[in-house]
Amino acid sequence: MRVLLVGYGNTLRGDDALGPMALERLRPALPAVEFVSCHQLGPELAAELSAFDLAIFVDAREGEPGTVHVERISPESSAPASLTHHVKPAALLALALSLYGRAPQAMLVTGAGASFANHEGLTAKGEQALHEICRLVPLLIRDFPAMR
Amino acid sequence: MPTITIDPVTRIEGHSKITLQLDDHGDVQEARFHVTQVRGFEKLCEGRPFTEMPALMARICGICPTSHLLASSKACDDIMAVRIPETAEKLRRIMNLAQIIQSHALSFFYLSSPDFLLGMDSDPAERNILGVIAKHPEMARDGIRLRQFGQRVLETLGGKRVHPGWIVPGGVSHPLQADQRDLILSELPEAIQITRRALRWFKGQIESFRAEVRSFANFPSMFLAMANDHNEFSAYNGWLRFIDTNLNIVADHITGTDYQNYIGESCNDDSYLKSTYYKPLGLHDGMYRVGPLARLNMCQSAGTPQADEELAEFRELERHSVLSSFYYHYARLIEILFSIERMETLLNDSEILGKNVRAHASPNNFEGVGILEAPRGTLIHHYRIDQNGLIESANMVIATGHNNLAINHGVLQVARQFVRGKKLEQGMLNRVEAVVRTFDPCLSCSTHAAGAMPLDIQLLGADGEIIDRLRR
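Line by line, the protein sequences give chains E and P. Under this note's numbering, the first residue of the first sequence carries the number 1, and numbering increases by one thereafter. Under this note's numbering, the first residue of the second sequence carries the number 1, and numbering increases by one thereafter.
Bound conformation, chain P alone (with noise of 0.2 angstroms):
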């Protein structure tokens, strides 16, 4: 059978592959995409203090270290068994804040926006973040001050851009200081204005995306989210629940202590990406999303009025859940406005710049578990201890992970629209890509790589020779 493979996908984070494989009559049969580099953190930490694992952990990824620093540090304090100060905790929930904002701008302005800007089918030479700078310098300049802004806040906090410290096992390092709250603070309107303007750019060009709003990973699903009493927008502090797509909850109050009972990971022989599935379906049936989408279908309210606005205008997209994964993006645009607006909130506490941010404990548990919403989606770090405070294993199930069966779903479905004939085009390549894009994949995160980002498709016959093949 043809197969056609794109080998490597570009614009994401990490190095991977999709094969397409053809029928006799040239129609894509079926659809992979293989994650084709290793990391191996879950492994290489065995044998560490339990204490070293925020940091450890942090390296796993130069976009999302700040997730991890923060459910690694999570699964120390259940280890510790400590409720950390509550200043620490609001401290912690602004740096998972700002991670998300820096990560969103990232993802929508750097790697998906020229899709947006200069069209699926434009010169492939040109659709990047150059052509955008080229033709829509506003945008690229709003890009580049929203993330900055999102890394300085990290940066304030955590001593650094990337690879922050500060978030420790039972709290954080050291109190906030007045003077960086103020500046802070004093940044939060620019933000909100650029991230306004994006929403309406992107409404306003929804209607000319009909064909991949259609196909673009559009289908029923369930979807995983923390949750809480409020069913407010949730991403520090809650539980896990599953709803199906008519919004029903289908599992809820999972914890870290009962999260294996609901959610399986699989291994696969073409890809180092496990596929993560509802486990009272099983890997066949059990597929679900995370993420962006998956937080707004899931929460009543966004809990900060400019986002609860956009939330009520997002809803009136489809009757029950929003499906199309093309509206990840727009997902991700009102979850920057919502991140802003609390964090304001947030800065604006009376407790915020208290001195009580540690707590301090030996080991009470020989098991921790840590959840938290990363910017991708639900991340979990679990660790076992020794006696001597050594990690004898651990597990993260990673946002990528639990997106994975949704991922290959979507590309098998975007393939199947777009991709025709034994010839293959950019313009039908490009979507085939642009659906994993809408995921925002984090690769380096969830297999445990180095390595560039190029693109590699094969398509491959009926009798499994490739017969065409395209490479950026």
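The shape of chain E in the complex, shown without the other chains (with noise of 0.2 angstroms):
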């Protein structure tokens, strides 16, 4: 089975580094893991989706700060217009079966944080989301298999 983690944000507003420091902290412990981490989603990454069986992406929202959510997302119909700057997951998933003929499972974590003002490093609760995240996604990739 191929993984692919996307973590995503930008490492420059706080707790939207959420994404990128998640993969960072779980690369050596998922070595059969491949990783993008990256400032926002491109089109681009739909080449990359098609050739995996599960792809969990890893991003920061608002809401009451250091939860974490855990949706199923499946390719969206109705894809966004323009893809210069950012496209949602499920936009993607939708990109790479149109495009490519095939879209992975996919999952969406996402850890709500308590600030977005420009600062560099998480706040305490964007920590805890952190936790959180890197305690579940080894989890849910061990049990993918199963909820297939």
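Keep in mind that the hints were calculated from the coordinates and are not lab data. Keep in mind the model is a prediction, meaning the values are calculated, not measured. Among the hints, erroneous ones may be present.
Distance windows between CB atoms, simulated [unchecked claim]:
#1 P:E367 / E:R102: 53 to 61 angstroms
#2 E:A124 / P:H174: 32 to 40 angstroms
#3 E:S74 / P:E190: 28 to 36 angstroms
#4 P:T51 / E:R102: 44 to 52 angstroms
#5 P:S208 / E:G63: 49 to 57 angstroms
#6 E:F35 / P:P280: 53 to 61 angstroms
Chain P residues, not near chain E, derived (Cβ > 12 angstroms throughout) [claimed, not checked]:
#7 E30
#8 R83
#9 P189
#10 L199
#11 T257
#12 S266
#13 G354
#14 Q426
#15 I466
Here are some chain E residues pointing at chain P (derived, C-beta under 10 angstroms) [claimed, not checked]:
#16 H39
#17 P43
#18 L45
#19 S98
The beta-carbon is built from N, C-alpha and C at its ideal position, and this holds for glycine as well.
Reassemble the complex: the two chains are provided individually, in unrelated frames, and hints are given to aid placement.
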């Protein structure tokens, strides 16, 4: 089973760095998994996605700080008209499916941050979310075959 | 007088609007391209150490960070008065070529191909990249693959696809590794194939866009681009040269020390984008164009075999310089081809894996200027520092600013050709937008903005009243 972990966010905007930082922390523990760490999602990722069985997207969000949310996502039929800056994970799956004939099973893991201001490093609530994300992601990968 | 406003202009980088002023007969009398976002980087970097400039300036834009990184580092090299190691210069040139490839691929395939593939009069709800994916998936795949290639080179060298690092004052931070070189080399043949396929296709389509070729910013103007001793295509090293419509040299050997004698910048009341002009002729008569069209008009040869073949064919379009801005699209594809070929030459250079890639020095000048050919045209970064190496002032002359007068003139030309009467139609307005798109303006870069990229065209009556408005 090929697994891709995609962490995205702006490392200069506080807790928005949750995605890239989660990848950094998980990388040593998951040698069989492939990683893409990026500022934002671009359509080029669709080509890569089509080669995987499972893709887990890790992002930050607004909400009750420190909480983590996991959801299964599937290709979104109405992808955005503009692809230059940012594409949502579900739209990327749709792109992979329509252009490359295949999209992986996918999950979106989001941690709610406390601050997205101009600073480096996570807040305490951001750290709390990061810890939970790093606990959950290996479990999601481990349990995925049974969930298919 | 009636006015039409297009706000925002879509499928460009940044936020803008277009106003068309009609006369009493309903004919377009005046047209203006307004940039409605401000960035302010020239101001906010004051007081920062000059060594921070490359990393800071790269944040101006998510599409062109590498261009700013390079121009800024060149300006810092000038402040330090260092000659960077040869290997470092070659590595920087590879980065610049990768930036040109990924940016041109975005412009051609993502932003402009819906107009070519689906038609200027097609339903705007379908005339976007999704329409392309639905009707021409092979073209969409090619576009994604080519941009992915350019971004992979940036990521391989600079560590990240967007906002890469690695380029530093004095050179680059670390040498290229053999496996990185081999990885990039292995992907070049496919990139060439895709580009040649797109060129073949585009050349086959030109005949069906005769009206657009005729009216899309098709007028005499000067051109500005980097030049060198061999009159070959030059994007990293050289001096600046102005040529006229007949390819005569107007001004030559312009460097960082005297560019302000030739290039003037004028502020506008209705736009955050400055208008840049050829100073000896003044704002009124000093319009010129930069970017792919200017560069191909400027050089006598590309310097690589396949791009030279294409350049020869391109030259047959006109007796002297190629004037229609519609051909910016064509020129972009030729530049992609050149960039891939040149990249291969540089990667196969015996010194490319050299370990000496950075010169170190403290400031030796109070002033530094870095000039580069960015994808959209000539880019200038100019810094002054104080005795502590802190930035006293910064001036950036961006490609879209150079082209601003021509963009405005082009909008007027195409509006006069296609906009009729007091009722707006999508096809006519799309052509007004599409002429702006030929220049591939990057408004984040040129105004120093956050925001989406919607379109708003207003039609104003002779008394200034809005008589029709179209938003997307």
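Hints versus structure:
Between E367 of chain P and R102 of chain E, the C-beta spacing of about 56 angstroms keeps the proposed range 53 to 61 angstroms intact. For the hinted restraint 32 to 40 angstroms between A124 of chain E and H174 of chain P, the CB-CB distance of approximately 35 angstroms keeps it satisfied. For the hinted restraint 28 to 36 angstroms between S74 of chain E and E190 of chain P, the CB-CB distance of approximately 30 angstroms keeps it satisfied. The hint said 44 to 52 angstroms for the Cβ distance between T51 of chain P and R102 of chain E, and at roughly 47 angstroms that hint holds.
At roughly 51 angstroms, the beta-carbon separation of S208 of chain P and G63 of chain E lies within the given 49 to 57 angstroms, and the hint holds. Restraint check, F35 of chain E to P280 of chain P: a C-beta distance of roughly 55 angstroms satisfies the suggested window 53 to 61 angstroms. Consistency note on E30 of chain P: stated as away from chain E, and its beta-carbon is indeed over 12 angstroms from all of that chain's, at 30 angstroms minimum. Residue placement check: R83 of chain P keeps its beta carbon more than 12 angstroms from all beta carbons of chain E (closest about 33 angstroms).
With a least CB separation of 17 angstroms from chain E, P189 of chain P remains clear of the 12 angstroms interface cut-off, as annotated. Once the 12 angstroms rule is applied to beta carbons, L199 of chain P is consistent with being away from chain E; the minimum gap is 21 angstroms. At roughly 35 angstroms, the least C-beta separation between T257 of chain P and chain E is larger than 12 angstroms, which holds for a residue marked as non-interface. Every CB of chain E is more than 12 angstroms from the CB of S266 of chain P (nearest about 29 angstroms), matching its label as outside the interface.
Against the 12 angstroms criterion, G354 of chain P stays outside the reach of chain E, whose nearest CB is about 29 angstroms from its own CB. No Cβ of chain E comes within 12 angstroms of the Cβ of Q426 of chain P; the nearest lies about 15 angstroms off, and the non-interface call holds. In this structure I466 of chain P is separated from chain E by more than 12 angstroms, as the shortest Cβ-Cβ distance comes to about 26 angstroms. The beta carbon of H39 of chain E is positioned within 10 angstroms of a beta carbon in chain P (closest approach about 5 angstroms), and the interface hint is therefore held.
Satisfaction of the interface hint for P43 of chain E is found here, the shortest Cβ-Cβ separation to chain P being roughly 6 angstroms, below the 10 angstroms cut-off. Using the Cβ-Cβ criterion of 10 angstroms, the hint placing L45 of chain E at the interface with chain P is satisfied: the shortest such distance is roughly 9 angstroms. At its closest, the beta carbon of S98 of chain E sits 6 angstroms from a beta carbon of chain P; the interface hint therefore holds under the 10 angstroms criterion.
In this structure, every one of the numbered hints holds.
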